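Here's the letter readout for the chains.
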Amino acid sequence: MKKDTSNKIKLGIFISMGLTVFIIGIYFLGEGQQLFRSTIRISGVFRDVAGLQPGNNVRLSGINVGTVDNIIIVSDSSVRVDILIAESVSKFIMKDAVASIGSEGLMGNKTIILYPGTGGKKEIENGDIVQTITPLGVDDFMNSLKKTIDNTNDITDDLAKITASIQSGKGTIGRLLMDQSLIRNFDSTVVNLKEGSAGFKLLMDKGDDVDELLTSLKTTIDNTSSITGNLSKITDSIHSGKGTIGMLLMDSTMRQNLDSTVVNLKESSAGLKTLLDKAKASWLLWGF
Amino acid sequence: MEPRIRIRSITREKIEENFLASVFGKFFIEVASLASFTLRFFKEVLKPPYEFNELLKQSFLVGYKSFPLIAITGFIIGLVSTIQSRPTLANFGAVSLLPAMVAVSLIREIGPVITALIFAGKVGSGIGAELASMKVTEQIDAMQVSGTNPFKFLVVTRVLAATLMLPLLAVLADAVGLLGSLVGVNLKGHVSVSFYFSQVFQALRFGDLFPAIVKTFFFGFAIGLIGCYKGYYANTGTEGVGKAANSAVVFASLMVFIIDMIAVQITSLYQN
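Protein sequences appear in the order of chains A and B.
Residue numbering for the first sequence follows our numbering, starting at 10 and increasing by one per position.
Residue numbering for the second sequence follows our numbering, starting at 4 and increasing by one per position.
Careful: at least some of the hints might be erroneous.
[Unchecked claim] Cross-link-like lysine-lysine pairs, in silico, BS3-like; alpha carbons within 30 Å at most:
#, chain 1, residue 1, chain 2, residue 2
1, A, Lys19, B, Lys191
2, B, Lys50, B, Lys68
3, B, Lys68, A, Lys17
4, B, Lys68, B, Lys46
5, B, Lys191, A, Lys100
6, A, Lys11, B, Lys125
7, B, Lys29, A, Lys12
8, B, Lys125, A, Lys12
9, A, Lys17, B, Lys125
10, B, Lys50, A, Lys203
11, A, Lys19, B, Lys29
12, A, Lys19, B, Lys50
13, B, Lys155, A, Lys17
14, B, Lys50, A, Lys17
15, B, Lys29, A, Lys17
16, A, Lys275, A, Lys287
17, B, Lys46, A, Lys11
18, B, Lys68, A, Lys12
19, B, Lys60, A, Lys17
These are computed hints drawn from the structure, not numbers from a lab.
The structure presented is a predicted model; accordingly, all values stated were derived computationally and were not measured.
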């Protein structure tokens, strides 16, 4: 009998222990989902919730302040997300607060991120609808990435064409890099320059020869100078209408006379042609 | 003699004649007998008088007495699964997710199933052997003669005790398993108790805990019922006792997995 009582006590302790652990578990799970706190419900309308689920956390300044309560499709392009937020933090969230959908980590759950809004506005109340920012989904990201890849493909194609042109010696850069004759010309130019500089150096080294060269050069320059001086005088004369060529080119009276002479000659030749034609037709000159 | 049992044994003999040496026949006979046994349990459980004292005694034996074994197993499972999961998560740089991952797997699946399997091994075989030895020594017949309903006294109390105690054991195994996981996390790092449990409860949802606890009721019921069935209908002779104990464990363990599969399918309908 005593043993039975002892066993019953032990059983009672065991059952109490199990139930206590269960209740503690329930309490902490509920606490995590704001079940045992006074909360306010606010909503946000998103175009795409990116896999958000009821029960996901809501964060304000990096702190979990609530949970997603419900997600309802309103239309084909809008999804309403109801959020439960601890009433104690509602004073930090203003009417112009913005909600966005983020991620708890690379592999983590989705989460709602609340931006509290500007100070001075009224604080948020139960039933309010906050503004939202549509998150950049993986698909959007992939589309953007695809555009970048397409552009990169185009660029690399162009680069390939350019390098092919350069390789085949087309274009300025191609000829510059690939044309052997140009390279040979360049080489010979360099060689000439080198030889020239060597010769110049040799001349510099032979001081007497340089003097002779300079004297000869001076004579040539003097001659060239006198020739250009004479040429200048001739052109001046021509310009001022002196001399036959000058009158011919510059005297307007002579030009007019020459023009009229040419006209007279033209008319005379025409008259002569007519006369000759008539003479040919005359019976007096038959046989000629 | 109890008429119901007599009718059943006659039916069984007749069927065995028709399905002699037929494996399928034996299987369906077993299914039919178990269904009949289950039906009888539900009829008897509602009918007074209620054997509360025997229920408490059996609860003490199957619950309290099983706790040390299940606590040790739970602790080791929590510890080992944490140590084994760490390298994989470390490859992704996600070691900080270790408490959450182990907690979810422990609460959802490992805790209830391991507890049920240990329970089947300890309690299922115990009930099977106990009832089989009572059958062999004709104690069940003696109870019937003395006016006690042996089914109500032996079967109903044991099945109820197993059904009620296994969920409690599973909850405690989960708790001890989480402690084992805490030790595992701290073997190669430092995570405070409060931070560990905050991460655990952040990762868990009611949807993880409730289906897991609900299915342990079914596990306990199946283990108790199969243990009693195998013992109650054991063949005469000492060989029958061993056979009953053995087949009770094997069949109960198999049923645990089948129920688990069904429960997971049903749960997944309501989860993503």
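Each hint, compared with the structure:
Under the criterion of a C-alpha separation no larger than 30 Å, the hint pairing Lys19 (chain A) with Lys191 (chain B) is inconsistent with the structure, at around 37 Å. Note on Lys50 (chain B) and Lys68 (chain B): the hinted pairing holds, with a Cα-Cα distance of about 29 Å set against a maximum of 30 Å. The straight-line distance between the Cα atoms of Lys68 (chain B) and Lys17 (chain A) is roughly 12 Å, inside the 30 Å bound, and the hint therefore holds. Distance hint between Lys68 (chain B) and Lys46 (chain B) is fulfilled; the C-alpha atoms sit about 29 Å from each other, no more than 30 Å.
Only pairs whose Cα atoms come within 30 Å are accepted, and Lys191 (chain B) paired with Lys100 (chain A) is rejected, the gap being roughly 42 Å. A C-alpha spacing of about 26 Å is found between Lys11 (chain A) and Lys125 (chain B), which places the hinted pair at or below 30 Å, so the restraint holds. With a C-alpha separation of about 44 Å, the suggested pair Lys29 (chain B) and Lys12 (chain A) falls outside the 30 Å cut-off, and the hint is violated. Taking the CA atoms of Lys125 (chain B) and Lys12 (chain A), the gap is about 23 Å. The hint holds against a cut of 30 Å.
Between Lys17 (chain A) and Lys125 (chain B) the CA atoms are separated by roughly 21 Å; this keeps the pair inside 30 Å, and the hint holds. Between Lys50 (chain B) and Lys203 (chain A), the direct Cα distance comes to roughly 124 Å. Violation of the 30 Å bound is thereby established for this hinted pair. At roughly 43 Å between alpha-carbon atoms, Lys19 (chain A) and Lys29 (chain B) are farther apart than 30 Å, so this suggested pair is violated. Of the pairs offered as hints, the one joining Lys19 (chain A) and Lys50 (chain B) holds, with about 29 Å between alpha carbons and a cut-off of 30 Å not exceeded.
About 21 Å separates the Cα atoms of Lys155 (chain B) and Lys17 (chain A), which keeps this hinted pair within 30 Å; it holds. With a C-alpha separation of about 24 Å, the suggested pair Lys50 (chain B) and Lys17 (chain A) falls inside the 30 Å cut-off, and the hint holds. Taking the CA atoms of Lys29 (chain B) and Lys17 (chain A), the gap is near 42 Å; set against the 30 Å cutoff, the hint is violated. With a C-alpha separation of about 19 Å, the suggested pairing of Lys275 (chain A) with Lys287 (chain A) holds against the 30 Å cut-off.
About 34 Å separates the Cα atoms of Lys46 (chain B) and Lys11 (chain A), which puts this hinted pair outside 30 Å; it is violated. At most 30 Å may separate the alpha-carbon atoms for a hinted pair to count; Lys68 (chain B) and Lys12 (chain A) meet this at roughly 14 Å. Of the pairs offered as hints, the one joining Lys60 (chain B) and Lys17 (chain A) holds, with about 8 Å between alpha carbons and a cut-off of 30 Å not exceeded.
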